[in-house]
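Protein chains in written order, with the numbering used here: chain A, -15 to 97; chain B, 1272 to 1582.
Treat the hints loosely; a few may be bogus.
[Said to hold, decoys possible] Calculated cross-link-like contacts (lysine-lysine; reagent style DSSO-like; alpha-carbon spacing at most 30 Å):
id	chain 1	residue 1	chain 2	residue 2
1	A	Lys75	B	Lys1578
2	A	Lys15	A	Lys75
3	A	Lys15	B	Lys1578
4	B	Lys1439	A	Lys75
5	B	Lys1578	B	Lys1439
[What the hints assert, rightly or not] Between beta-carbon pairs, the in silico distance windows are:
id	chain 1	residue 1	chain 2	residue 2	range
6	B	Ile1362	A	Arg79	25 to 35 Å
7	B	Leu1427	A	Ala40	32 to 42 Å
8	A	Gly78	B	Val1358	23 to 33 Å
9	A	Lys75	B	Ala1533	39 to 49 Å
10	B	Ile1363	A	Leu82	16 to 26 Å
11	A	Ala62	B	Gly1377	25 to 35 Å
[Stated by the list, open to error] Some chain B residues near chain A, calculated using beta-carbon distances under 7 Å:
id	residue
12	Asp1277
13	Leu1284
14	Ala1288
15	Val1323
16	Gly1376
17	Val1379
18	Pro1386
19	Pro1391
20	Val1406
21	Ala1428
22	Leu1571
23	Gly1574
Keep in mind the hints are simulated off the structure, nothing from the lab.
Given the structure is predicted, the values throughout are model-derived calculations rather than measurements.
We put the beta carbon where it would ideally sit given N, CA and C, even for glycine.
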Amino acid sequence: MTIVSIFAVCASVLIGLGIYGLIVDPNPLRKLLAVNVLGSGVFLMFGVVARRGAAAGLGGDPVPQAMVITAIVVAFSATALAVAMMLRLYKDTGRVTLVADDAETDAQKGAAE
Amino acid sequence: MQIAFDIALVVLLLAIAGWTIVAREAFSAVVVFMVFGLLLSLAWVRLAAVDVALTEAAIGSGVTGMLLLNAAAILRPVEASYARPSVSLRIIAGVFAAAVAGTLGGLVIMFKGEPVSLAPLVLDHLPASGLDNPVAGVLFVFRSLDTLLEKVVLVLALIGVWSLAPDKFWGGAPGLRVFGERQSILVFLAQTLPPIGIIVAVYMTWVGASEPGGAFQGGAILAAMWILVMVAGLRNVPPISSQTMRLAMMVGPLCFLVIGLAGIVLAGSFLAYPAGLAKPLIVVIEITLALSIGITLGLLAAGAPAKAPAS
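Next comes chain A alone, as it looks inside the complex:
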């Protein structure tokens, strides 16, 4: 077992866990958390590929590493936007759900606007 294959297993299982949580958990906040775990797995996969590209005296290929730094910041922006949407939904309807609107929530929406 090399360090590359150990962390490749780690990254792929994290991706699997994230996908599972994203599908199964009905709570949007938990889905968001699962997306973050999924994202961490994808980033780690970049790290594994970068580590395998170690050359010319560097411990890893700096190009995928720089892309992950950018990606972490973008993932945070998306998370912040999603949280803001959930909190607004909660404020307006008293619920946070991805289930299709029924008459009751439609009425509440109308009242809020």
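For chain A, the structure is supplied; the task is to place chain B on it using the hints.
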């Protein structure tokens, strides 16, 4: 020995990630997720990516964790309202997730070809930029367009968050919850940590040209210090209509853009640096960006305006 450490780290990471997914309450799931982020930075150090480790610890675990923790606390009342997923859905999702994970892992582990690496190419061209940190070289020289656009994404996300405010609160202050009165240890920390944190942030931004660090990591630490001070109630969250704050938020991306446009005239292409001036220009960009990233991350964590503007 090192392999044993790596295996132990991976087992711990996966156990904690699994806990985040199956935890009963969202609040504890978020707390576990923050621990996960810190352990993940260790994994990044093991993968020889110290720049990424610093970013993950500061943004991935710290600021994201704080944002989600606040949301979990507010949304706690609705948590009981979700129906438990059916067993068949869980089995199908489990099989699907395992198939994706197995395929990905198998592809990467069984890869037999010659590894592709841009490292030699980066090192060949790095001396011309005057930088010593290859990751900073990629971020600010070779792929600087990505870095510039990523700043635009941060600003767009903030505009998105602000636009979720009800009309009557537009121009007011974000509704970050303040815990100052009740927990004096928080106030103590908010008074003690920022001087140290700001020095660390400045140092990290400054050494980014030659050592691991840079505008992202420095900006994230600045943001953490600012959030700490706001949450402890020592300083008010500024209203989103504040011109000073908006200027500080835009100075980094604008400086980057102006230097990039000047490159068309002085160096022959957009985002190119004139020969010999690359390093000083990059340092100027990094310093202004660190300030802007700090302000923008802090405001993203503070959320949508929730107070009416003072008239």
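message: Using the nearest Cβ pair, does B:Val1379 come within less than 7 Å of chain A?
response: 4 Å, holds
query: Given the hint that B:Lys1439 pairs with A:Lys75, does the C-alpha gap stay at or below 30 Å?
result: 14 Å, holds
task: Return the status of the interface hint for B:Asp1277: holds when the least beta-carbon distance to chain A is below 7 Å, violated otherwise.
output: With a minimum Cβ separation of about 5 Å from chain A (threshold 7 Å), the hint on B:Asp1277 holds.
Cut-off 7 Å, beta-carbon criterion: hint that B:Leu1284 touches chain A: Since chain A brings a Cβ to about 6 Å from B:Leu1284, closer than 7 Å, the hint holds.
- prompt: Per the CB criterion, is B:Pro1386 less than 7 Å away from chain A?
  reply: 5 Å, holds
query: Holds or violated: is there a CB of chain A closer than 7 Å to the CB of B:Gly1376?
result: With a closest approach of 3 Å, the B:Gly1376 hint holds.
message: Can you verify the interface hint for B:Val1406: is its Cβ closer than 7 Å to any Cβ in chain A?
response: Because about 5 Å separates B:Val1406 from the closest Cβ in chain A, which is inside the 7 Å limit, the hint holds.
- prompt: When you take the CB atoms of B:Ile1362 and A:Arg79, is the distance between them in 25 to 35 Å?
  reply: Since the Cβ atoms of B:Ile1362 and A:Arg79 sit about 28 Å apart, the hinted range of 25 to 35 Å holds.
- prompt: Holds or violated: B:Val1323 as interface residue toward chain A, Cβ cutoff 7 Å?
  reply: 5 Å, holds
message: Quick check on B:Gly1574 please, does its C-beta sit within 7 Å of some C-beta on chain A?
response: 6 Å, holds
Distance restraint between A:Lys15 and B:Lys1578, which requires alpha-carbon spacing of 30 Å or less: Holds. A:Lys15 to B:Lys1578 sits at ~29 Å (cutoff 30 Å).
task: Sort out whether B:Lys1578 lies within 30 Å of A:Lys75, counting only the CA atoms.
output: 14 Å, holds
The structure meets every hint from the earlier list without exception.
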